[in-house]
Amino acid sequence: MLVFILKRVGLGLITLWILSVIVFFAAQVLPGDPARSILGPLAAPSAVTALSHQLGTDKPVIEQYWTWITHFVTGNPGNSYQYQAPIGPLLTTALVNSLKLAAVAFILVVPLGIIGGVVAALNIGKPLDRVLSVFGLSAVVIPELVSGIILILIFGIWLNVLPIEASTPPGSSIGTQLYHLILPAIPLVLILFGYIQQMARAGTAEALASDYARTATLKGLPRGVMIRRHILRNSLLPTITVIATQTGYLIGGLVLVETLFHYNGIGSLIYNAANNKDFPMLEAGVLTIGIVYMVATLSADILYSLLNPRIRYQGVE
Amino acid sequence: MATDDRELDALRGKSSELENHYIDELAAGRLSRRQFMRKGAVIGMSTTMMGAILAACGGANSVGTSSASSSASASGTPTKGGTLKLATQAPSAAVNPLTVADAGGLCMLAQTGEFLAFDDNLALQLKPMLATAWKPSQNGAVWTFSLRQGVKFHDGSPLTADDVVYTFQQLSNTKNASNALSNLGGVVTPDGVKKVDASTVAFHLEAPNGNFPYLVSSDNYNAIIVPKGYDYGNWQKTFIGTGPFKLKSYTQNVGADFIANPTYWGGAPHLDSTAFTFYTSQQPQILALQGGTVDVIVQFVAQGAQSILNNTQYAIISLKSSNHRELSMRNDMTPFTDPRVRQAIALSLDRPGMVQALLTGKGQVGNDSPFAPKFPSTNTSVPQRTQDIAKAKQLLSAAGHPNGFSTTLTTEQYEEIPALAQVIAEAASKIGVTIKLKVENQTDYYGKATYGNSDWLDAIMSLVDYGDRGVPNVFLESPLSSGGPWNAARFHNKTYDGLVKQYVAAVDLQTQKTLAGKIESLLLQETPIVIPYFIDGLTATTSTVHGVNPTALSAIFLKDAYKTA
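Respectively, the protein sequence lines represent chains V and B. Residue numbering for the first sequence follows the working numbering, beginning at 1 and increasing consecutively. Residue numbering for the second sequence follows the working numbering, beginning at 1 and increasing consecutively.
Excised from the complex, chain V in its bound form (with noise of 0.2 Å):
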């Protein structure tokens, strides 16, 4: 197991590596360069390559990307051109804001989504099932901006009860700051409920079909405790790795939502980052987010093993 965590951890490092890479050079094939997006589009030419030789975006290429790495393997992540600011605390209040939202998100749908999934698979073809799906899969096409306006129009402006921004003023309690990333999260909900609820639906009804299941209610297994001993553990497995890989897109993707709730995460970070061609802020943001993407994964598999005995040690043994 160690080994394979080992191994695991050091193809992670040699993907980060090359993300960076790749991110550095696609970064150069944009458009534009930092010191006119900080000036804008009509500043003098003279005040342009002034800004750019203060920020050292006039060196070549690859002398910047030597700067740029160096340190940040020793752990600096060097300041932002955009901000004149170091990029270590802007970065990590973005992330840890995403990282909270996505919890509040992952809290509401995971139970909502594997209860719909299981209740769809036990009442499978019936009309309750066709209703569950249908909600789900339409919930998923639904993009957040305009579910998330449709939300705040309803239960921030017209019925007045829940907050329409997600942040909170500084030193807020962990209460209030829930309460305000409810209805943030209430988008996301509905876009991975879709998802999450037809895997397990898929995994309940195969766990459902199988010879074991058939042999459990035929040795006389309440309903019940066949349906939590012996389906949930198996139908659980697809589900998580929904989970996993929806990670990614929960912390990073949320442009649309953190800009409606005027959410400072790290997904408008990044983005904002690309388009100034703000480098050093959008390598740390863009590896951020590959490091919470493979330890989620990461996670995901040791999870899978733990609840799968079949596949455990598989690589070692």
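Any given hint might turn out to be false.
To be verified - Per label pair, the in silico range of CB-to-CB distance:
| hint | chain 1 | residue 1 | chain 2 | residue 2 | range |
| --- | --- | --- | --- | --- | --- |
| 1 | V | Phe25 | B | Ala565 | 57 to 63 Å |
| 2 | B | Ser16 | V | Val61 | 58 to 64 Å |
| 3 | B | Gln306 | V | Ala202 | 17 to 23 Å |
| 4 | V | Gly56 | B | Asp332 | 34 to 40 Å |
| 5 | V | Trp66 | B | Pro373 | 54 to 60 Å |
| 6 | B | Pro158 | V | Thr92 | 37 to 43 Å |
| 7 | B | Gln384 | V | Trp158 | 40 to 46 Å |
| 8 | B | Thr83 | V | Gly224 | 55 to 61 Å |
| 9 | B | Gly361 | V | Trp158 | 41 to 47 Å |
Honestly, the hints are just simulated from the structure, not real lab data. Where is the CB? At the ideal position from N, CA and C, for every residue including glycine.
Fit chain B to the supplied structure of chain V, relying on the hints for placement.
Just chain B now, with coordinates in the frame of chain V:
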């Protein structure tokens, strides 16, 4: 309106030649009372002096300053205390007075920083701020500013001429990453900024400039005065300035809090504090105002704001501005080499309809010259161009295109511009011209912003945005004069260049107006560019907010602001 000649003569005796010229213009009725106030302010006449002259000319004692629009003017006794919550565009880069170029950043600068003069967009008048008075030399090539006494920076140090000289030397230095160079470049160099004595600074200009005070006012948003030797790169840690509010905290991408400066030279503000929240788009700001999270939206555009525009719960402050869209046609590329073709395109447009449809009426019709209705020098006797499809077709035929032609219009994804491009293409189709649209993101569109490296400057037809300025100088020079850096139309006209040079140098309003008339007529005749409209600056507040003073450039001044229960 009876004129008291004796009183007026006494006042004339105390006035300079230029001031006397304005007094003559006023007495002769060629200058309205309001214009007199505006022009007098530019050349540095004191409000008391102007009031006395207006009174002698048989007027009421109303002096310009009380003409602010009702939604913003203070009604009744101001309420003391409280925190005003404002929504503003997030600064898109570091808040550094030298480099700031965006709406959010310049709004931050104006919270704690102050300028030599204040271009009050509500009163449409240039007012003293850190300078109490200013005077031009005979030909307008040297301007001398007297500084206010007893002004202190937030760290307690006094404001002196050295600070002003340092500020403008940094801003006008081409070795610096100064955004103010787009205003000061070619106008003044660091060597031209001179200390006369501890409270007087003189600007020796590269060429006479009649509207120079605007370039050291809040219009030139980078020009807040900083202490001598101050490192601009550190400014966002302290926000040091002389203004009515001091920095409490600034958090990138999140917001900024300010507290009242009790020792402000103009007296402490009514509010205890202000709290700005940063947004990256408009819709959440409108929702925040509706949901009660903020009291003020510093600046918004009419598109997508219908829910607050027609709602009595909110006060909308609408400012005339020179913010506009410019459609350029390459004068050196067929078929636009023929002025008749360019005129035909301009004649196909229904301008009032565009203002209504694209700006929900919050704008002024343009006449294909940068002379916006808000500029006092704009010559309104030049006839307004209106839609005339028959004449447009006739011009096209005469130019050898009886069946029209086909071309491409390149533009940027910004505010209502893609919709405007669509409207232009539809209008052109009525005279047989087929316009294909190419809408790019702003980075691609502007490119390197130099000839040969920019779709904006190189496209055969190009539609671009120009932000508000207090005077038309930059609009007249950069995009239209032969040596201009943004001449997307490749318009080269010696007569025009000469007229603009004279206009920029002219110190008195009548000369400016005469020259403006000539420039406007010439541009109508040649039509290198089309300016369909000027867009009003819009600020929204809840009905309990009073006394805010926004600018069309998206700054907001809150010294006199207060909130009623």
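Consistency of the hints with the structure:
Taking the beta carbon of each, V/Phe25 and B/Ala565 are about 59 Å apart, inside 57 to 63 Å as hinted. For the pair B/Ser16 and V/Val61, the supplied restraint of 58 to 64 Å holds, since their beta-carbon distance comes to about 59 Å. Separated by about 46 Å at the C-beta atoms, B/Gln306 and V/Ala202 break the suggested range of 17 to 23 Å. For V/Gly56 and B/Asp332, the Cβ-Cβ distance of about 39 Å falls inside the hinted range of 34 to 40 Å, so the restraint holds.
A beta carbon spacing of about 56 Å between V/Trp66 and B/Pro373 agrees with the range 54 to 60 Å that was offered as a hint. The supplied range of 37 to 43 Å is met by B/Pro158 and V/Thr92, whose beta-carbon atoms lie about 40 Å from each other. One distance hint, 40 to 46 Å for the beta-carbon pair B/Gln384 and V/Trp158, holds here, with the actual separation near 45 Å. Our hint of 55 to 61 Å for B/Thr83 and V/Gly224 holds, since their Cβ atoms are close to 57 Å apart.
Range check, B/Gly361 to V/Trp158: about 28 Å between beta-carbon atoms, so the 41 to 47 Å window is missed.
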